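*Asks:* We have chain X already, so just place chain L on it with the hints.
Top to bottom, those sequences are chains X and L.
Every letter in the first sequence is one number past the one before it in the working numbering, and letter 100, counting from 1, is 100.
Every letter in the second sequence is one number past the one before it in the working numbering, and letter 26, counting from 1, is 26.
Certain hints may be false.
[Claimed, not checked] In the DSS-like style, the derived pairs of lysine-lysine whose C-alpha atoms are separated by at most 25 Å in a straight line are:
(1) K42/L - K56/L
(2) K71/X - K42/L
(3) K71/X - K57/X
(4) K71/L - K9/X
(5) K9/X - K83/X
(6) K70/X - K14/X
Worth flagging that the hints you see were computed from the coordinates, not collected in a lab.
Computed from a predicted model, the values in this text were never measured in an experiment.
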Amino acid sequence: DGGITQSPKYLFRKEGQNVTLSCEQNLNHDAMYWYRQDPGQGLRLIYYSQIVNDFQKGDIAEGYSVSREKKESFPLTVTSAQKNPTAFYLCASSIRDEQFFGPGTRLTVL
Amino acid sequence: GESVGLHLPTLSVQEGDNSIINCAYSNSASDYFIWYKQESGKGPQFIIDIRSNMDKRQGQRVTVLLNKTVKHLSLQIAATQPGDSAVYFCAETNTGRRALTFGSGTRLQVQP
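Chain X extracted, bound-state conformation (with noise of 0.2 Å):
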């Protein structure tokens, strides 16, 4: 089957901890996407990477980092300088313009 995997699936994390979600894609896409969802609101762009070894940063990456050492392969990591990491993230992947999504990981701070 082909597509992109998040995991896990739910993420419990104590403040001040670091935490890195998955994501993987065997579609062979070289751009992959990170996207944080807050309840009742759209996505809002946390990295992009458009090849490997290379990645932007988005409209909120601060508290964020991410690596792209493999094509398949974006994970992001939510540091504890990231105020409020509690939210749905959201992982896609695209080959031209139309991005695929992940089912999403949702963290949350204890």
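*Replies:* Chain L in isolation, oriented as in the chain X frame:
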């Protein structure tokens, strides 16, 4: 688009009626637009897209209309079904940017 906080605009329709969901976009340089459907707890699902050189595009039971003069996008769903109940987002981008800018969404509720 601007956030509407916890209260999404909601459109309620009867099963079998046609639905029209509207979206105003902000960037006159945007040249590609997508409508996504998002069910609770899931990732957005692609519905239909349109490029700025078109003003109308039809899919299966869905039509997207683009009015570049007033920066307005609409999604029409024919013969709305209970399975269409979800939150619908419009998104815009331009070829140079690649990343999408999302609107705040509209919740569609289909009454049986």
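*Asks:* Determine which of the earlier numbered hints do not hold for this structure and return their numbers in increasing order.
*Replies:* The structure conflicts with hints 1, 4, 6, although it agrees with all the remaining ones.
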